[in-house]
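Colleague: Protein chains in written order, with the numbering used here: chain A, 23 to 274; chain B, 2 to 439.
Bear in mind the hints are in silico, worked out from the structure with no lab data behind them.
Just to be clear, a hint being listed does not mean it is correct.
Stated by the list, open to error - Pair by pair, the computed Cβ-Cβ distance ranges are:
1) B:ASN46 to A:ALA130: 50 to 56 Å
2) B:ALA165 to A:ALA131: 55 to 61 Å
3) B:THR422 to A:ILE110: 26 to 32 Å
4) A:ASP201 to B:THR373: 42 to 48 Å
5) A:GLN134 to B:ALA176: 42 to 48 Å
We treat Cβ as the ideally placed atom computed from N, Cα and C, and that holds for glycine.
Here are the chains, one letter per residue:
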Amino acid sequence: MLEIKDLHAKVGDRDILRGISLDVAPGEVHAIMGPNGSGKSTLAQVLAGNPAYEVTGGSVTYQGIDLLALQPEERAQQGVFLAFQYPIEIPGVSNAYFLRSAFNSIRAARGQEEVDPLEFLDYMEKKLELVDMDVEMLSRSVNMGFSGGEKKRNEILQMAVLEPKIALLDETDSGLDIDALRIVANGVNALKRPDNATIVVTHYQRLLNYIVPDYVHVLAHGKIVKSGDKSLALELEAKGYDWLVEPQGALA
Amino acid sequence: MTAPYIADFTTLSNNGVRAEPEWLRDTRRTGIERFAALGFPTPRNEDWHFTSVAPIAEASFSQLRGASGQVAKGALAPFQFGESDWPLMVFVNGKFDASLSTPELVAKGIRALDLSTALRDEPTLVEPWLGKLSTSEDRSFSALNAAFMSDGVVVHIAPYIESAVPLHVIFVSDANAAKGVAHVRNLIVAGHHSKATVIESYVSLGDSGYFTNAVTEVQVEQGATLTHYKIQRESQRAFHVHTIDAQQARDSHYVSFSFATGAALSRTNIYTNLNGEGSGATLNGLYMADDEQHVDHQTNIVHSQPNCFSREIYKGILSGAAHGVFNGKVYVYPIAQKTDGKQTNNNLLLSDRARIDTKPQLEIYADDVRCTHGATVGRLDEMALFYMKSRGVSTDAATKLLTYAFAADVLETIEVPAVRTELERATLERFTGSSVAL
Ligand SMILES: Nc1ncnc2c1ncn2[C@@H]1O[C@H](COP(=O)(O)OP(=O)(O)O)[C@@H](O)[C@H]1O
Ligand SMILES: [Mg+2]
């Protein structure tokens, strides 16, 4: 459902993604691992359509359409979801209103009727349970004053509400204690269906004990340098990345 | 450009249309003399540097004389956001309209009447204050108002009276106001240890071009708290100049909010003199302008006594080719030790053609004071926009939502729920076209 071919992207005049290719089929879970600064978040942001990054080459096809030609909101409306590594704070907009606007925008794009605030609150009840969040969190401004863990859970809550076809989770596990990690992982697993796919970007193998990947890819210096099954994650845990990552100078 | 006004004044005096008390005739004479000497302010005048009133000066508006419009009760509904038990004083094209007003709802201990009636029947409610709480020296528009002041509201709150029910004063202009000017003069006297709320709304039915030149004089006596909201929603072709002059006694608190979205050109002056120890002023506001609108606020907080505080937050949202001006003056006399002042002005520019001139102006002559100020001019946060869009929210909706959010916190400072809700609704509607609460 997602085919990334030789994707290049830069920010400013710095090349960050330097030829990424990846195929994701429905029902699959892919893990992307790699050292800090290797371009994992950049890949995720490019797929979501962040205008700060410029695609300089390659293509991304999503369900047969050119994903890169779509506006960020159109991508979301088509079922692409990115859980941000650093969720954004929005003072003055309540979480409830934000979620409902998003939910209704996506419904409208699918030709479905909008739901009113009461119906929406009903719908939210189960979703909140899923990520073990208190309803009180809905009346607070988006991510304002949320702890690191609360922000991550709020991302998964948004995912639960929007029910994407392809979810990109960018280090949703970092900074979480084991209980929070389990909550987040359970949330993700509960939302898994045979016709949707998940890409988990992570630094640590431990998340993959909970969200079991079909494939593991290692990203270094803007390229996928190795792919394998879940045993690769264990190998990385034991050996680190050094054996895969050439010194950057040698790449040219 | 002053000539038509001077001629008008002469005619008015010769006709002796009003058998007015001598003190008032003196006030008027002084007013016209000052206006004749000053003329309309030009950009060379430091206080008018960023606001050209040439369109007002050149239009030479003629005074509306009892050109009362035919405003039906229902027509006011959109501006009557209060509860049904709120007393209402309605002025149509500058003239009191008893049939639309409900002064009988005013709480015991509070008087609300129109200036003409007060002058005729109860001059003691007026004479000790009118023209004395406000000065027209060096102020063209106040001088012009002094010369021609016609009608307005007179409010007296007796000592120790506390009322949770606001008095809503609506100045409505309709098609009959076209090319005319209303010189509105209001007086509010909050007796010692009283607590009350007065709302002034300036609104319009239709889109005629007229001029509102208003002055509100305010006395806040010892220990009193006066909450004073001003809502300016004049027609998009109107001109609006309003000066509020407040005098504050010991331990008094003056709470002001100025909401401005209307008029082609508007200037609101809010001046308060903290003239008693332990008094304080809270001046907040929100201005929003679009297209070619020009919206100007000048505040002046004078710390005349020690141990006083002032708090000020003004926010502005400017789109199209709108021009905003904010000038926040704070003056601290040498005697005013332990002054605690804080001023903030934040502006959001939504287009490349929109412009803001913001100028804090602190003059501090005491040494043991804490005074801070800050002004910002910014655009919408790109990352927040992207975040919302990545959730499926359209660019347009995300922009509007973030714009509303920018204004939300200053609106939250409005303590009267019905006023807060109405202004939140109006702001939300302006930017989202929806009025469902956030
Ligand atoms: N907006 C940006 N501006 C400048 N440099 C950036 C930006 N985003 C990422 N980079 C740089 O691109 C490289 C890859 O970053 P990132 O994709 O965040 O890596 P990862 O998520 O793998 O840690 C880093 O060197 C980072 O400093
Ligand atoms: Mg990252």
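Colleague: Is the distance from the Cβ of THR422 (chain B) to the Cβ of ILE110 (chain A) consistent with 26 to 32 Å?
Modeller: 28 Å, holds
Colleague: With respect to the beta-carbon atoms only, verify the hint that ASN46 (chain B) and ALA130 (chain A) lie 50 to 56 Å apart.
Modeller: 53 Å, holds
Colleague: Within 55 to 61 Å: is that where the Cβ-Cβ distance between ALA165 (chain B) and ALA131 (chain A) falls?
Modeller: Cβ of ALA165 (chain B) to Cβ of ALA131 (chain A): about 47 Å, so the range 55 to 61 Å is violated.
Colleague: Taking 42 to 48 Å as the hint, is the beta-carbon distance of ASP201 (chain A) and THR373 (chain B) inside that range?
Modeller: 43 Å, holds
Colleague: Holds or violated: 42 to 48 Å for the Cβ distance of GLN134 (chain A) and ALA176 (chain B)?
Modeller: Holds - the Cβ-Cβ distance for GLN134 (chain A) and ALA176 (chain B), about 45 Å, lies within 42 to 48 Å.
Violation of the numbered hints given earlier is confined to hint 2; every other hint is satisfied by the structure.
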